[in-house]
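Q: Single-letter residue listing:
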Amino acid sequence: DTGVSQDPRHKITKRGQNVTFRCDPISEHNRLYWYRQTLGQGPEFLTYFQNEAQLEKSRLLSDRFSAERPKGSFSTLEIQRTEQGDSAMYLCASSLIRTSGGNEQFFGPGTRLTVL
Amino acid sequence: SQQGEEDPQALSIQEGENATMNCSYKTSINNLQWYRQNSGRGLVHLILIRSNEREKHSGRLRVTLDTSKKSSSLLITASRAADTASYFCATQGAQKLVFGQGTRLTINP
Chain A
126 DTGVSQDPRH
136 KITKRGQNVT
146 FRCDPISEHN
156 RLYWYRQTLG
166 QGPEFLTYFQ
176 NEAQLEKSRL
186 LSDRFSAERP
196 KGSFSTLEIQ
206 RTEQGDSAMY
216 LCASSLIRTS
226 GGNEQFFGPG
236 TRLTVL
Chain B
24 SQQGEEDPQA
34 LSIQEGENAT
44 MNCSYKTSIN
54 NLQWYRQNSG
64 RGLVHLILIR
74 SNEREKHSGR
84 LRVTLDTSKK
94 SSSLLITASR
104 AADTASYFCA
114 TQGAQKLVFG
124 QGTRLTINP
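The listed protein sequences correspond, in order, to chains A and B.
Here the working numbering runs 125 ahead of the position in the first sequence, where the first position is 1.
Here the working numbering runs 23 ahead of the position in the second sequence, where the first position is 1.
It is worth saying that the hints were derived from the structure and are not from the lab.
Keep in mind that this is a model prediction, so the values were computed, not measured.
Heads up, the beta-carbon is just placed ideally off N, CA and C, and yes, glycines get one too.
Take these hints with a grain of salt, some might be off.
To give an idea of the chain A side of the interface with chain B (calculated C-beta under 7 angstroms), a few residues [what the hints assert, rightly or not]:
hint, residue
1, Pro133
2, Glu229
3, Phe232
4, Gly235
Could you build the full structure based on these sequences and the hints that come with them?
A: Shown next, in the form of structure tokens:
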């Protein structure tokens with residue numbers, strides 16, 4: 126399967142614990158995005174990378190959140206000191222830079238986080 | 024906060040009928056995209072329409088864009104049970120996508 130993959134698919138943790146999610150984008154894609162989706166809502170942008178550079182971060186990304194893409198390939202999203210409000214589906218997407226007209230983003234299956 | 028508003032929030036129709044979903048947005052855009060999401064799954068890209076385009080077709084899908092009204096519509100013709108899903112519009116200015124809250128479509132056999 127050459128699509129976007131995410132691991133784990135589900136994570137249950139206790140409040141105050143740290144969690145880390147991984148995203149493997151489509152191999153030739155140079156842009157990688159993280160979104161968060163709560164029940165009944167559309168996804169909300171968190172951050173994106175072009176190659177290894179993190180170019181934009183949402184105000185939703187508090188200082189407890191950190192994302193990396195060390196070699197411009199896979200990315201990790203870490204949440205420290207989790208809170209119940211962090212419970213959500215975390216979606217990763219990747220895309221290829223186009224010279225014009227915008228870009229289609231390909232989404233992974235998501236990691237569903239439940240904070241007890 | 025989300026930019027788009029979708030209407031209706033839920034739509035239930037009989038198989039074979041056409042389904043129309045509408046999306047409104049607030050700021051200028053580069054393009055508008057529609058995605059489908061089956062329950063608890065990732066999003067699947069359906070179609071992208073650029074700001075200088077007014078209508079686009081892909082199979083049973085027809086999308087229109089009216090930048091003067093900041094609105095778009097998605098028409099699914101000859102609906103099938105497999106079309107049951109949530110449908111989201113997403114606007115793109117620079118890089119990030121800004122999603123609406125979605126329309127939950129149910130196709131009844």
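Q: Could you tell me which of the numbered hints above are not met by this structure, giving the numbers in increasing order?
A: 1
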